[in-house]
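Chain A is already provided as a structure; the job is to place chain B on it using the hints.
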Amino acid sequence: MDCRIIVITSGKGGVGKTTTTANLAVALANEGHKVVAIDGDVGLRNLDVIMGLENRIVYTLVDVIEGTCRLNQAMIRDKRVSNLYMIPTAQSRTKDSVTSEQMLEICNQLRNDFDFVLIDSPAGIEAGFRNAAAGADEALVVTTPEVSAVRDADRIIGLLESMEKTPISLIVNRIKPEMVKRGEMLAVQDVLDILAVDLIGTIPDDESVVTSSNRGEPLTFSNGSGASQAFLDIAKRICGNEVPFMDLSGDQKGFLSSLRRFFGK
Amino acid sequence: MMIQLKGIQAGILRCVVPEEMSEKNILEEFEELTDSAKNLLDGGRVVMDLQGRSFGAALVAKIWKNFIEPTGCSVISWEVTDQETFEALFQLGMNVGNTNKKTKQGRPSSHRQSKTLLYTGTLRGGQKIMHEGDVIVTGHVNVGSEISAEGHIVILGKLKGLAHAGFKGDETTSVSARSFESGQVRIGRKVGLIDKSSDIWGKAVVVTVKQDEVLLTEWPAL
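Protein chains in written order, with this note's numbering: chain A, 1 to 265; chain B, 1 to 222.
One should not assume that every hint holds.
Computed cross-link-like contacts, SDA-like style, restricted to lysine to any residue with a CA-CA straight-line distance of at most 20 Å [claimed, not checked]:
| # | chain 1 | residue 1 | chain 2 | residue 2 |
| --- | --- | --- | --- | --- |
| 1 | A | 12 | B | 204 |
| 2 | B | 65 | A | 162 |
| 3 | B | 65 | A | 126 |
| 4 | B | 65 | B | 94 |
Here are the simulated distance ranges between beta carbons [said to hold, decoys possible]:
| # | chain 1 | residue 1 | chain 2 | residue 2 | range |
| --- | --- | --- | --- | --- | --- |
| 5 | A | 70 | B | 38 | 34 to 40 Å |
| 6 | B | 19 | A | 79 | 54 to 60 Å |
| 7 | A | 32 | B | 23 | 39 to 45 Å |
| 8 | B | 156 | A | 55 | 54 to 60 Å |
| 9 | B | 202 | A | 249 | 19 to 25 Å |
| 10 | B | 19 | A | 242 | 50 to 56 Å |
So, partial list: chain B residues that the calculated Cβ filter (under 7 Å) puts toward chain A [said to hold, decoys possible]:
| # | residue |
| --- | --- |
| 11 | 92 |
| 12 | 125 |
| 13 | 143 |
No lab work stands behind these hints: they were computed from the structure. Glycine included, each C-beta is placed from N, C-alpha and C at the ideal position.
This is chain B alone, in the form it adopts within the complex:
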């Protein structure tokens, strides 16, 4: 059982880490790959497929330091099915995808079962949520942070970062925020640009697409 590098499309490589490997073996294997595949990886784009194994933030940091940095590759996405790993990567500000796969046996995930991700707290600059379902944030979405949801996005605090509802193209989705303070919002393939001087700035807003245009409505719409 060893870490595999596979070519998938347009020069993108998939790095698959088998679930059964111990932490020690993973680090040794990555060290070997750093030497043996440096030419292949240098400047290349990689999808890190961590499968269902649990990776803590410390192990991810070691992989970053000992493999990704020295080889010069860029990770376009981390694919995981383990909830703890998802959260660790998310906290590190990584682009996490493929969370809708079947979860590890015996570890239920209410987020994925309901297809709604509840994020408790403030999303800080550099942090990114990418979720194949609806997303609810209980805090603020600060400048420099991003939410991409396949479904709706609801923010109970201030929206200052970038929210993209229906990122796979669904323009029936919406973005709702208690205080709308962002210069840009996206629904499906539409982009709405909002000026600070707008009457709606700082108010509770629901963003939808109507007649092919991004529409911002003050909440509650009477």
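Okay, chain A solo, but in the shape it has when bound:
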């Protein structure tokens, strides 16, 4: 298959870009694809921690750009799943250490060897975002159902459209069905109505995301929780499979809720 280079971005910080990058990288590798995840957030390195590879870093993306090492020397192979690699970024440098042209050159070098290149973008709309997006063909925009996050996602979608990074697909993260049901949180349809892009995934709010990030074990290694299943579904949709979306509307349809409805509770 042709290599697909995807930037994972959001505009607002803290909505789950890095977690999404790590989990999708693992899920796509589990599907049998050869995947490399690049940490595009120069100076605020985190992808290595979430993927549990921080102790194996020798060279970084900036070392490759400066000619200190070859590209394959900066690539860390994940031993837990075949075909998964990560390129960390530098923690002691700033966003100016990488240019759009250099990012594009690195992505083009990876194009021949991988099925998927996932780029974890920094928050914001400045040079860091532009550099991360420069090498990508398409984009995944992550947002949470909060007005501020949706507004920033709207801004970033406008910029991605002007950079011709299409298709642009949307992931709505940290949905709390009970809050949606009470009308205290934007529903996925509300977010879609504002952003007017294709939805590729909805992820429920899940405490296990925090513990897995702290442990350095992306959830998709151990298919268990709701969020884990949501990431696996997104990976399948990225590959072109039709997978039904989880019901996160807060309207319970299980046996117990039917029983409650029957008894009028």
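The following block gives chain B in isolation, referenced to the frame of chain A:
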């Protein structure tokens, strides 16, 4: 033929890029200007006059990165007559003006001939339309986006951003939206403030000025 910096008024500089220059020459000239005119440009306000040459988004981005950012100047407006350049700048969220000049020969522009700009799609946060005529938007006008039109504004989706009809002072103009969800709307020199709790919020609305006041009427007005 070289890029010229001219003083126009109140400390504003006009940077004129001749049409005949190649991309390579433009970038070299801007590089030289960055060194030679840094003191003049630092903190200054500049009108970028790109004339009729076609500039893609990539070239604009290079000019931004290699000239505007390093010199510390702020661009108050981009003046263009080429339609593709207008669209590229607009997509980048730049303040584009002077689109009513004569277009490049052989490149017809229906927007300017009819003085109506049809924008297909949703106007996203940070994007801005400034047009010397009427403006029609087929999608939504999202929060953080702006439309300034010399004439009327018609929005077929939701109006959540800022719409300013008759921005040169014409208060006979109007703003029409299928769903009105904005806290502020402007017609000519009048500003209308609308509260979310208003009965008209979220409804199809026509905004006009009557007896010196901004009037919101539910559409259709029976």
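Against the structure, the hints come out as follows:
1. Between the alpha carbons of residue 12(A) and residue 204(B) the distance comes to roughly 32 Å, so the proposed pair goes past 20 Å and is violated.
2. With a CA separation close to 16 Å, the supplied pair residue 65(B) and residue 162(A) stays within the 20 Å bound.
3. For the proposed pair residue 65(B) and residue 126(A), the alpha carbon gap of about 11 Å is at most 20 Å, so the pair holds.
4. Pair hint residue 65(B) plus residue 94(B) holds up; C-alpha atoms about 14 Å apart against a cutoff of 20 Å.
5. Checked against the hint of 34 to 40 Å, the C-beta distance between residue 70(A) and residue 38(B) comes to roughly 38 Å, which is consistent with it.
6. The supplied range of 54 to 60 Å is met by residue 19(B) and residue 79(A), whose beta-carbon atoms lie about 59 Å from each other.
7. Our hint of 39 to 45 Å for residue 32(A) and residue 23(B) holds, since their Cβ atoms are close to 44 Å apart.
8. At about 56 Å, the beta-carbon gap between residue 156(B) and residue 55(A) stays in the expected band of 54 to 60 Å.
9. As the Cβ distance of residue 202(B) to residue 249(A) is approximately 22 Å, the hint placing it in 19 to 25 Å holds.
10. Checked against the hint of 50 to 56 Å, the pair residue 19(B) and residue 242(A) passes, with Cβ atoms roughly 51 Å apart.
11. Proximity of residue 92(B) to chain A holds as hinted, the smallest CB-CB distance being about 5 Å (cut-off 7 Å).
12. Among the interface hints, the one on residue 125(B) holds; its C-beta lies about 4 Å from the nearest C-beta in chain A, closer than the 7 Å criterion.
13. Annotation: residue 143(B) was flagged as interfacial toward chain A, and the flag holds, the nearest CB pair being 5 Å apart, inside 7 Å.
The structure does not agree with numbered hint 1 stated previously, though it agrees with all others.
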